[in-house]
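S.K.: So the sequences go chain by chain: A and B. Under this note's numbering, the residue at position 110 of the first sequence is numbered 110, and the numbers go up by one with no gaps. Under this note's numbering, the residue at position 426 of the second sequence is numbered 426, and the numbers go up by one with no gaps.
The set of hints was computed from the structure by calculation and includes no laboratory data. Keep in mind it's a predicted model, so treat the numbers as computed, not measured. Beta carbons: idealized from backbone N, C-alpha and C, even for Gly. A portion of the hints provided could be inaccurate.
[What the hints assert, rightly or not] These stretches of chain B come out as covered by chain A in the derived footprint (C-beta under 8 Å, 3 or more residues): (1) 10-24; (2) 91-103; (3) 155-166; (4) 198-206; (5) 211-221; (6) 224-237; (7) 333-347.
2 protein chains.
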Amino acid sequence: MAADSSIAVTDTLTKFIESCRWEDIPAHVRHEAKRSLLNYFAVALSACHDPTIEIAARTYRHFASGKQATLIGRRERTDILNAAALNCMGANVFDFDDTHIPTIIHPTAPVAPAVFALAETMATRGADFLLAFILGVEAECRIGNAISPGHYARGWHITSTCGVFGSAMACGKLLGLSQQQLVWALGTASAQASGLVETLGTMAKSVSMGNAARNGILSALLAREGFDGPARPLEGARGFLNVTADHPDLAGLVGELGSRWEILNNTYKPYPCGVVLNPVIDACLQLAAHPGLAGDGIGRIARIELTGHPLLRQRTDRPGVMTGRESQVSGQHAVAVALARGRAGLAEFSDEAVRDESLRALGRRVEFVDDARFAVESARVTVHLTDGAALTVDIDMARGSTGRPMSDADIEDKVRTLCAGGGSGINPQRLIDAVWSIDESFDAGAVMEFAG
Amino acid sequence: MAADSSIAVTDTLTKFIESCRWEDIPAHVRHEAKRSLLNYFAVALSACHDPTIEIAARTYRHFASGKQATLIGRRERTDILNAAALNCMGANVFDFDDTHIPTIIHPTAPVAPAVFALAETMATRGADFLLAFILGVEAECRIGNAISPGHYARGWHITSTCGVFGSAMACGKLLGLSQQQLVWALGTASAQASGLVETLGTMAKSVSMGNAARNGILSALLAREGFDGPARPLEGARGFLNVTADHPDLAGLVGELGSRWEILNNTYKPYPCGVVLNPVIDACLQLAAHPGLAGDGIGRIARIELTGHPLLRQRTDRPGVMTGRESQVSGQHAVAVALARGRAGLAEFSDEAVRDESLRALGRRVEFVDDARFAVESARVTVHLTDGAALTVDIDMARGSTGRPMSDADIEDKVRTLCAGGGSGINPQRLIDAVWSIDESFDAGAVMEFAG
Chain A
1 MAADSSIAVT DTLTKFIESC RWEDIPAHVR HEAKRSLLNY FAVALSACHD PTIEIAARTY
61 RHFASGKQAT LIGRRERTDI LNAAALNCMG ANVFDFDDTH IPTIIHPTAP VAPAVFALAE
121 TMATRGADFL LAFILGVEAE CRIGNAISPG HYARGWHITS TCGVFGSAMA CGKLLGLSQQ
181 QLVWALGTAS AQASGLVETL GTMAKSVSMG NAARNGILSA LLAREGFDGP ARPLEGARGF
241 LNVTADHPDL AGLVGELGSR WEILNNTYKP YPCGVVLNPV IDACLQLAAH PGLAGDGIGR
301 IARIELTGHP LLRQRTDRPG VMTGRESQVS GQHAVAVALA RGRAGLAEFS DEAVRDESLR
361 ALGRRVEFVD DARFAVESAR VTVHLTDGAA LTVDIDMARG STGRPMSDAD IEDKVRTLCA
421 GGGSGINPQR LIDAVWSIDE SFDAGAVMEF AG
Chain B
1 MAADSSIAVT DTLTKFIESC RWEDIPAHVR HEAKRSLLNY FAVALSACHD PTIEIAARTY
61 RHFASGKQAT LIGRRERTDI LNAAALNCMG ANVFDFDDTH IPTIIHPTAP VAPAVFALAE
121 TMATRGADFL LAFILGVEAE CRIGNAISPG HYARGWHITS TCGVFGSAMA CGKLLGLSQQ
181 QLVWALGTAS AQASGLVETL GTMAKSVSMG NAARNGILSA LLAREGFDGP ARPLEGARGF
241 LNVTADHPDL AGLVGELGSR WEILNNTYKP YPCGVVLNPV IDACLQLAAH PGLAGDGIGR
301 IARIELTGHP LLRQRTDRPG VMTGRESQVS GQHAVAVALA RGRAGLAEFS DEAVRDESLR
361 ALGRRVEFVD DARFAVESAR VTVHLTDGAA LTVDIDMARG STGRPMSDAD IEDKVRTLCA
421 GGGSGINPQR LIDAVWSIDE SFDAGAVMEF AG
């Protein structure tokens, strides 16, 4: 079972993190980090008054030691551990946050709130902030790579389990920990790695997410005080990798450090849905604007064929869903709402939208057609009308995929749209501007003033 | 891989916990619970100024929202989550706490500090307190039974991973949660279950222990506010049992609920060592008092034969250990120090004791002899003297084993001895009296006043 422990993963990774400088980070990596942060604020602002966050904020408030850090969108401050936890929860609660393609980790949610919380309490150059964030994501995603796909398949919520390492390393870098202290921080993080796929779709998931961000800070702070840990918390015989995966890839974990950057595998969702639905929704939005469906066109639809990779049917053939959350992975609902409303935002995947009987009726006309020649980023949607006419749209490469990433402008729009829907009342443009220029700032924590 | 999910473990366990009354608890179970609590205070008082606790207390203090709860032995108060965490760490840091034989879980450390912290903030009858504690231990150990021995063998620190469920159920019972809320609390606990064997022997272990106690409270408090979770967090396909064990025993988990009580499988250590050393130390303490070793007898020892079950050698043949912590599982050191000093308390397994060159020389004369006819609770120690004489002591059943449990008086002595060594300056007798009569109290939290 044990991996080849001759590869000193913990030692190599921490040496890299300790020694890496801002000058070592290529420009396109820096830019991708800012895109990740913008997407983070977008999704966190959309969820700032979600019931999950409301209950957690109300409960955690009893255990806040101060008001050092900002809760996104809530005009409320709390201590740094609670802020990290609650902001992480908010960024991830709708699963509308970023996706690291090789692992399906949502990289930013556990890392950004932790380093922002620290940055609110200490003078932090924006470049140092961004360096710490990038290295945290790097550690998180590389550890995730080493245990994928078996780790998630077994039932580990990989963003939670790997997120605590990302948070610990980002905070450790920002705090200027020595390599030995970074090893200790990994050890204390390893003792706190948790999160189960079984909890997805419930509020309980958000607790392991919040803990990932929170406990990463705690691991770094403890390490700074000399709180020690095992020498090989990752690759040790009973360390994190061997315990939570059957054949961890140690060589990959530390291969090409400094030349391969995992944040470049990060993607951003245009729609708050399972990613396999992206090409279908792209097609339906085009069809919704088609002259052939103008007027009472929707009423003349006889049936709708979805042709795509078999995963499309396997993951999303869910008729008759009952909640907004379920609708995020329902092909029937996604097709109906995108065709009928010409939009596919959070409002279209809400409990209210699911109760719309006309959408349910339209969804019943959806038929899945498996075709393994399609990639998961592609799909064909054909609308057959009652008069025998048919309209077809082919999507070769969905929006938000690595081949057709969201543009900077798309991500800015996502911030504006989700901010408007979340009820925070904040001005998104100041926040957008602050993130794009964060590496020139001498006070990275000040960005949070525009997000509060 | 998945267990037979037709057994509704979560549902059955939570119904039992919700409905169980004080009157349902047999007298000997109640008594064992008090013995567990006394042993808990003994070990926590011994460790209250240990470096692990000092660093953690200093770091956690920055994140305390108030002073509602007592830190054992430290003349210091903090909020209930931090108190639960730090008191749990203290009780377990030397691995001198209780042992549930079927699982090697240390049951009390994650549960008692959580319910005591809650009890310090609300009017709590002692009987209700003890009922909650017993049910928390019951849940924790039954979940542990279901995944043993594979779970620990794979590398999970079972006290940490199962402890959070025990804490959650004890706190949920004390808070009067409904059955649905108890299910939710199990769900949120399942998302927080963590802890790795790789961290043993380092400070990092204490963090997962502290989290178990802390996060159990949090799970119960969140559940009370309606924070939901999966319906089957334990036995679900990707729930805790299936993810962390290969063949979980669901039937055993809920068999004989209300008639079989796991706390009756709890034992208390007479010495701060791996339990396989207990019969060896018993024998050596008898030999140390033998007239044949009086005067310069120790100097005349040529060699020492330890005969026992092969596990004795496998677990404890460790010559030349460098730290007090390592010495706790070293047969060479245990034999030498017990023979030479006639004692086997914490001072005899300290860094100072390990540095004693005369003990190291004596330890080099130890020889292990495997004999599978011996049970792990038994051993023979033969001291061969330079003049050809030999002294032998056979121990059939070690002190502290289930067959020869520590007496109530032994446990009281353990409280007094460890309290005196821990430097808290508290009066142990008042605490001992308060624990023995806790079920007659109308304010269970007041016990902590005698432990602070």
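S.K.: Hint by hint, note whether the structure agrees.
M.R.: Tested hints:
1. Figure legend: the segment 10-24 of chain B, annotated as covered by chain A; annotation inconsistent (0 residues with Cβ-Cβ distances under 8 Å, at least 3 required).
2. By the rule of at least three residues with a Cβ nearer than 8 Å to a Cβ of chain A, the coverage given for the segment 91-103 of chain B is violated, with 0 such residues.
3. Remark: the segment 155-166 of chain B is confirmed as covered by chain A, as 4 of its residues place a Cβ nearer than 8 Å to a Cβ of that chain, reaching the required three.
4. Against chain A, the segment 198-206 of chain B contributes 7 residues with a C-beta closer than 8 Å to a partner C-beta. That satisfies the three-residue criterion, and the hint holds.
5. Counting residues of the segment 211-221 of chain B whose CB falls under 8 Å from any CB of chain A gives 5; the rule of at least 3 is met.
6. Remark: the segment 224-237 of chain B is confirmed as covered by chain A, as 10 of its residues place a Cβ nearer than 8 Å to a Cβ of that chain, reaching the required three.
7. Against chain A, the segment 333-347 of chain B contributes 0 residues with a C-beta closer than 8 Å to a partner C-beta. That does not satisfy the three-residue criterion, and the hint is violated.
Checked against the numbered hints given earlier, this structure breaks hints 1, 2, 7; the rest are met.
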